[in-house]
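Take the sequences, apply the hints, and build the full model.
Protein chains: 2
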Amino acid sequence: MKEKDSLREVKLEYFAFADKGKKMPLDSGQELGPITLAYETYGQLNKEKSNAILIVHALSGDAHAAGFYKGETKPGWWDNMIGPGKAFDTDKYFVICSNVMGGCRGSTGPSSDNPETGKPFALDFPMITIKDMVRAQKNLVDYLGIDKLLSVAGGSMGGMLVLQWFASFPECIRSAVPIATALKHSPQQIAFDEVGRQAVMADPDWLGGNYYGKAQPQRGLAVARMIGHITYMSDKSMEKKFSRKLKEEKYTFKFRTDFEVEGYLRYQGDNFVKRFDANSYLYITKAMDYFDLSEGKLFLGNKKYDTRFLVIAFKSDWLYPSYQSQEIVRQLKSKHVDVTYCEIPSTYGHDAFLLEVDEQTRLVKHFLLKTYNSIKND
Amino acid sequence: MKEKDSLREVKLEYFAFADKGKKMPLDSGQELGPITLAYETYGQLNKEKSNAILIVHALSGDAHAAGFYKGETKPGWWDNMIGPGKAFDTDKYFVICSNVMGGCRGSTGPSSDNPETGKPFALDFPMITIKDMVRAQKNLVDYLGIDKLLSVAGGSMGGMLVLQWFASFPECIRSAVPIATALKHSPQQIAFDEVGRQAVMADPDWLGGNYYGKAQPQRGLAVARMIGHITYMSDKSMEKKFSRKLKEEKYTFKFRTDFEVEGYLRYQGDNFVKRFDANSYLYITKAMDYFDLSEGKLFLGNKKYDTRFLVIAFKSDWLYPSYQSQEIVRQLKSKHVDVTYCEIPSTYGHDAFLLEVDEQTRLVKHFLLKTYNSIKND
Numbered sequence: 001m002k003e004k005d006s007l008r009e010v011k012l013e014y015f016a017f018a019d020k021g022k023k024m025p026l027d028s029g030q031e032l033g034p035i036t037l038a039y040e041t042y043g044q045l046n047k048e049k050s051n052a053i054l055i056v057h058a059l060s061g062d063a064h065a066a067g068f069y070k071g072e073t074k075p076g077w078w079d080n081m082i083g084p085g086k087a088f089d090t091d092k093y094f095v096i097c098s099n100v101m102g103g104c105r106g107s108t109g110p111s112s113d114n115p116e117t118g119k120p121f122a123l124d125f126p127m128i129t130i131k132d133m134v135r136a137q138k139n140l141v142d143y144l145g146i147d148k149l150l151s152v153a154g155g156s157m158g159g160m161l162v163l164q165w166f167a168s169f170p171e172c173i174r175s176a177v178p179i180a181t182a183l184k185h186s187p188q189q190i191a192f193d194e195v196g197r198q199a200v201m202a203d204p205d206w207l208g209g210n211y212y213g214k215a216q217p218q219r220g221l222a223v224a225r226m227i228g229h230i231t232y233m234s235d236k237s238m239e240k241k242f243s244r245k246l247k248e249e250k251y252t253f254k255f256r257t258d259f260e261v262e263g264y265l266r267y268q269g270d271n272f273v274k275r276f277d278a279n280s281y282l283y284i285t286k287a288m289d290y291f292d293l294s295e296g297k298l299f300l301g302n303k304k305y306d307t308r309f310l311v312i313a314f315k316s317d318w319l320y321p322s323y324q325s326q327e328i329v330r331q332l333k334s335k336h337v338d339v340t341y342c343e344i345p346s347t348y349g350h351d352a353f354l355l356e357v358d359e360q361t362r363l364v365k366h367f368l369l370k371t372y373n374s375i376k377n378d
Numbered sequence: 379m380k381e382k383d384s385l386r387e388v389k390l391e392y393f394a395f396a397d398k399g400k401k402m403p404l405d406s407g408q409e410l411g412p413i414t415l416a417y418e419t420y421g422q423l424n425k426e427k428s429n430a431i432l433i434v435h436a437l438s439g440d441a442h443a444a445g446f447y448k449g450e451t452k453p454g455w456w457d458n459m460i461g462p463g464k465a466f467d468t469d470k471y472f473v474i475c476s477n478v479m480g481g482c483r484g485s486t487g488p489s490s491d492n493p494e495t496g497k498p499f500a501l502d503f504p505m506i507t508i509k510d511m512v513r514a515q516k517n518l519v520d521y522l523g524i525d526k527l528l529s530v531a532g533g534s535m536g537g538m539l540v541l542q543w544f545a546s547f548p549e550c551i552r553s554a555v556p557i558a559t560a561l562k563h564s565p566q567q568i569a570f571d572e573v574g575r576q577a578v579m580a581d582p583d584w585l586g587g588n589y590y591g592k593a594q595p596q597r598g599l600a601v602a603r604m605i606g607h608i609t610y611m612s613d614k615s616m617e618k619k620f621s622r623k624l625k626e627e628k629y630t631f632k633f634r635t636d637f638e639v640e641g642y643l644r645y646q647g648d649n650f651v652k653r654f655d656a657n658s659y660l661y662i663t664k665a666m667d668y669f670d671l672s673e674g675k676l677f678l679g680n681k682k683y684d685t686r687f688l689v690i691a692f693k694s695d696w697l698y699p700s701y702q703s704q705e706i707v708r709q710l711k712s713k714h715v716d717v718t719y720c721e722i723p724s725t726y727g728h729d730a731f732l733l734e735v736d737e738q739t740r741l742v743k744h745f746l747l748k749t750y751n752s753i754k755n756d
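Same order as they appear, the protein sequences are chains A and B. All letters in the first sequence, in the order written, are residues 1 to 378 by the numbering used here. All letters in the second sequence, in the order written, are residues 379 to 756 by the numbering used here.
A portion of the hints provided could be inaccurate.
What the simulated footprint calls covered on chain B by chain A, stretch by stretch (three residues with Cβ under 8 Å from a Cβ of chain A suffice, anywhere in the stretch; the number is not a length) [unchecked claim]:
| hint | region |
| --- | --- |
| 1 | 565-579 |
| 2 | 619-626 |
| 3 | 666-672 |
Since the hints were derived computationally from the structure, they do not count as laboratory data. All C-beta atoms in this analysis are idealised placements derived from N, C-alpha and C, irrespective of residue type, glycine included.
This is how it looks when you write it as structure tokens:
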């Protein structure tokens, strides 16, 4: 596949809602407001407002999905999939990506100031769910004047948001692309999240969440991220990338970095703490663990469903194994929803949703076009 | 299978060697002495001294492999496999188990006093390798007057010690039973160990290893153990044991223990720190990561090999996947070593070597008997 151009000078924007007296009710029984969502848009909304696609991000993602900020050299996290002529073709579609509520990349979250105290919420931030995140995004989509999205697409936690969009607002999405995701976390997935949370909370710099203005609980968050990184790769992809290659010529016989894989993990851990808030890590992983649309809960709307699905899984993904995607397909089929399932024979593990560009591009491009054309033929 | 009796009133014993002037040289180039190994024995050594079996333990194991200490109700860690009439039949064989050097359960390790300072070694303890551990065990076996062991058997890291016994002293072992193990750690296995070490070293109570007489780095070590526990189980066995069962009736919407699997992990983590030294955890995991008998290094002795092998793996073990055991078999076959391979269709994951008693008993019992009978026919 030829290298495609990326978008230039994309901008982060902010949408505020749920002001005083109109706070948003949450699944926990609490309420939150005012709320800001950071978001970006790429491409042009057509006059029928029928070409809008919402991209939803994973645990550590943000609104910067594509293109370059002015003067920067690092593109958005899904730039290989979003742009002119790409899978999510910005010459054709209007693409929106918003940072989730509870996050730390411009949206209201535990690091935001609590209007009641003027200080960061920390653990006074209410617990949020994937459903709450979607409810907030619906406000943004309404604000943008879009009644019905052409598609909602995303991988990992993003896939959960896709499924929740369908469960909460099936009439508002023509199609859905949940990638490398699940209807619910298995105990193994919960366990990995919990160890990450314990690592953060074990860091004395965490201070019960009240570390703002002081040191971040960097060491704990770095450990959490290191655990994450192991689960994002596969045994095979690690073997290919690192094997047992040493940093130096021979064993140090000290507690230093002997193996390249150790250096890689430390680097990933140290890097992550610079851009991510530890409390957001706690809140978002908890939201993922709480998420459960199994056993028919995907169809709470109990409507007639005309949403089309493209479900994608990856063979070597052991964090979100393909049997979980197959369960999504099974549920959808039971309600006669139009669903295409594809298991890509990748060796990248869970990271494949960010790396397997060619195969995903072919699938997504064709799927979106078919959905888009079906409107015109309506 | 009928419930078998366990041994009563077993005792921990100590063997000291490598006194002044006779320190043991180590792979790191350093030397260590005096060295104490804690060990236990079960059954009687026959007059030909031909019925001795050495049991080698895993990362967190110790010399207490079978039976009960006087007045205690918790048996040794492999009691279901070692005892009268069991797989390692103490009516027939003389079974030895020794805590590894570097450990913290009676053997010389980083928590032992450094004779030069009178204070615990901490990180002044020299780095040790699996080969060093085996060299120390050879001293114990010599001291017990045994020229040739009937067998060496163990799972996980124990399996590495088994393989190292063969590489270092092939003429001293009639048979070998490496279970759920590998010729070398893959980058994924190194990565899990490294994250565990980072969790320990991130704990400010670790104090660069000099925490003796103060607080243990409990939180870090607990996180390391929690990571370990996830890797010891399988996706399936966690699903069966916990599914998404809650501790209370509904979500707490707090950072409390919502799911049973979270409670289990916390319990395992908290429990482990009571019985294990954090520095030993660092040293032993490093020894495992350094271990590498791949690519012919299993045959460094370059002797004629009459050792018989029984290699056991478990289908759902993703920490030591069966392809690693198959590689051991391939290596052995290339030198025409007599090897039987069995992959047990267990769902327990890596823990299976401690839990799949019936199947392992059948395999091991028959294998040992055949080996023992072959001596008599010599």
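Right, here's what the structure says about each hint:
| no. | hint | result |
| --- | --- | --- |
| 1 | 565-579 | holds (count 11) |
| 2 | 619-626 | holds (count 4) |
| 3 | 666-672 | holds (count 3) |
When held up to the earlier numbered hints, the structure conflicts with none and fits them all.
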